[in-house]
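If you read the sequences in order, they're chains W and C. Each residue of the first sequence is one higher than the one before, starting from 241 at the first, in this note's numbering. Each residue of the second sequence is one higher than the one before, starting from 25 at the first, in this note's numbering.
If you're looking for bench data, these hints aren't it; they were derived computationally from the structure. Any given hint could turn out to be false.
As the list claims (entries may be wrong) - Cross-link-like lysine-lysine pairs, in silico, DSSO-like; alpha carbons within 30 angstroms at most:
#  : chain 1 : residue 1 : chain 2 : residue 2
1  : W       : K447      : C       : K218
2  : C       : K223      : C       : K156
3  : C       : K317      : W       : K447
4  : W       : K447      : C       : K223
5  : W       : K362      : W       : K447
6  : W       : K355      : C       : K156
7  : C       : K274      : C       : K317
8  : W       : K355      : C       : K223
9  : W       : K447      : W       : K389
10 : C       : K222      : C       : K274
In this text the structure is predicted, and so the values were computed from the model without any measurement.
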Amino acid sequence: MSEPFSSRRNSPGRTTFRRAAEGVARGLIYTCGWAAIVVLAAIAVFLATNAVRAMREAGLSSMLSGTQWYPTSEPGKFGLLPLVLGSLYVTGVALAVCVPLGVAAAVFISEFADKRLTEVMKSIIEFMTAVPSVVYGLIGVAVLIPFVKDAFGLDSGMTALTGGVVLGVMSLPTVISISEDALHAVPVDLRRGSAALGNTRWQTTVKVTLPAASSGIFAAVMLGLGRAIGETMAVLMLTGNAAIMPTSVFDSVRTMTGTIAAEMGEVVQGGLHYSVLFTVGLVLFAITFAINLAADIVLERQRKRWRR
Amino acid sequence: MVIPLHVSGNGGIAAGMRNLNAGSGGADEGEPRFLREEDEGDDPVVGVSAVAEAEGGLGAFALADVSVSYGRDRVLEGVSMDIPAQKVTALIGPSGCGKSTLLRCLNRMNDEYGDVRVTGTIALDGQDVMAKGVDPVELRMRVGQVFQRPNPFPMTIFENVAYGPRTQGIRARDELSAVVEESLRGAALWDEVKNSLKKHAFELSGGQQQRLCIARALATKPEVILMDEPASALDPISTQQIEDTIAELKSTVTIVIVTHNMQQAARISDLTAFMLRESLDRPAHLIEVGDTKHMFTNPDDPRTESYITGRFG
Ligand SMILES: Nc1ncnc2c1ncn2[C@@H]1O[C@H](COP(=O)(O)OP(=O)(O)O)[C@@H](O)[C@H]1O
Ligand SMILES: [Mg+2]
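Looking at chain W on its own, in the form it has when it is part of the complex (with noise of 0.2 angstroms):
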């Protein structure tokens, strides 16, 4: 009896090394996925024991509420909210600059501009990925802090706002290719779907196409976020780090990044203020890791309605 799938080829003993190769390649994804979370909580630890002096010495909630941080007087204040406010304010200034920016130059580039254009586009943005962030802060330097000081009638144009704003374009990139790529994931049937209901070729991007993209572009924003959230150097360079509590976004700064970058040669390991500094780096992880999980349970969710 001849069965319609046997064949001399299928041999058990192909089939045995089969299922071997199999099992190994299966090993080791899960190995891979495995030492993923074994690094992140591997960081969470080595930070948060570094950070045990201080919070045994100088309190957990006494540093979250502080208003004051003074590291070196005696003894030191480590208030991290002005720090925290200080990169809160700059990261909404980068927010303000780089979503609406990015979102319409994903929609050009997507949906409007023809093949030519877009090439010169993406080289562009690939360009802007590549150049290191110390040069955007000696851009800002040069051409935002007089332009800020001058345009606003400050005493100095290190602001939050500065900041912000090259914070925003360095985010930029990110920003648009991710959210283009979402854009360009829109079934094209969808698009045509809408023409042929007599709807221009705006009004369908407004009314199906963003809508349809809307999770893939707000992980691009949520990257934008990190991104921004994480850059050290051109805030360093921006924002004038005065470690004060921040009012509006023309006051001076000093984010959480910038502190740890800028004290952390002076400290004596080891000591309280070294320690203090660890606590701050584990704020800013657990800020992190907050705005990652609630950008993947909004994009899971979006993606269970999207399953046919």
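Go by the hints and put chain C with the ligands onto chain W.
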């Protein structure tokens, strides 16, 4: 070859009603929808429509010497035919003979497909749809389209159907609800979804999604609906439902349908047009167009006969 078609009788009343609907549908009165601004003066739409109506129904196409090229590649040449109002006209022919291309000429969807050039004249109720002053966006509200694969928008059932009317400027909730119900009934989907209008369209089955797309096209109250193999991705039962829907619709709407399925063309169409691309270095032609019964029993052209018998039996 042009076969003159004289449609007589019942179209008039339906057409009159449709006209009323169109009038109330355009909410922003200041802005003529079909015409671009430079042509505001002479108003060919109304004038010609009135003539067409007098002759029996809106939604009749007259094609004369239509040719289409994609870039340098001429794929279709010299198509002349009349598509009567409130009938079902089927386009048949082997793959790649330009059925979809010809269909897309009728609502100028070819404009959306890149470097496409269409020559000749295509008149809808006497008005040249390729004339400079004609806004394709406005034309498409009168000539709807249903695609091969169901393509509902990622939104609720209600919003899918309300999409076109909203574009036309209808905002009032009760008016929208009325249009949505009427359109869903027209597409024979109302009974299945009337209690779940807020459900996401993707939760429907493929056949239901396709009928939703028909409802969506009906909602702008078009005179013509173009269907490009609307049932080719569906199971037999859904196909049957789509065919029943088409049979219901043709009393009010002109339908032009592309189909691969000979039996389907024979079952549902009043008129059949057979197209053929005889060799790859020559564009496709319209071989023969005529009454469906005639085409399937006693075609004039031997090529039609061999195609139909080859695929039919
Ligand atoms: N967007 C396009 N760009 C270039 N060529 C196309 C395009 N669409 C169709 N064609 C060509 O035009 C011819 C007719 O295609 P089509 O109208 O899709 O035929 P059918 O619908 O009868 O199968 C084919 O040779 C096809 O390759
Ligand atoms: Mg086709």
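Status of each hint after checking the structure:
1. W:K447 x C:K218: The hint holds at about 24 angstroms.
2. C:K223 x C:K156: violated, 42 angstroms
3. C:K317 x W:K447: violated, 44 angstroms
4. W:K447 x C:K223: holds, 18 angstroms
5. W:K362 x W:K447: holds, 25 angstroms
6. W:K355 x C:K156: holds, 26 angstroms
7. C:K274 x C:K317: holds, 17 angstroms
8. W:K355 x C:K223: Roughly 38 angstroms between the alpha carbons, so the hint for W:K355 and C:K223 is violated.
9. W:K447 x W:K389: violated, 41 angstroms
10. C:K222 x C:K274: holds, 29 angstroms
When each numbered hint is compared with the structure, violations occur for hints 2, 3, 8 and 9.
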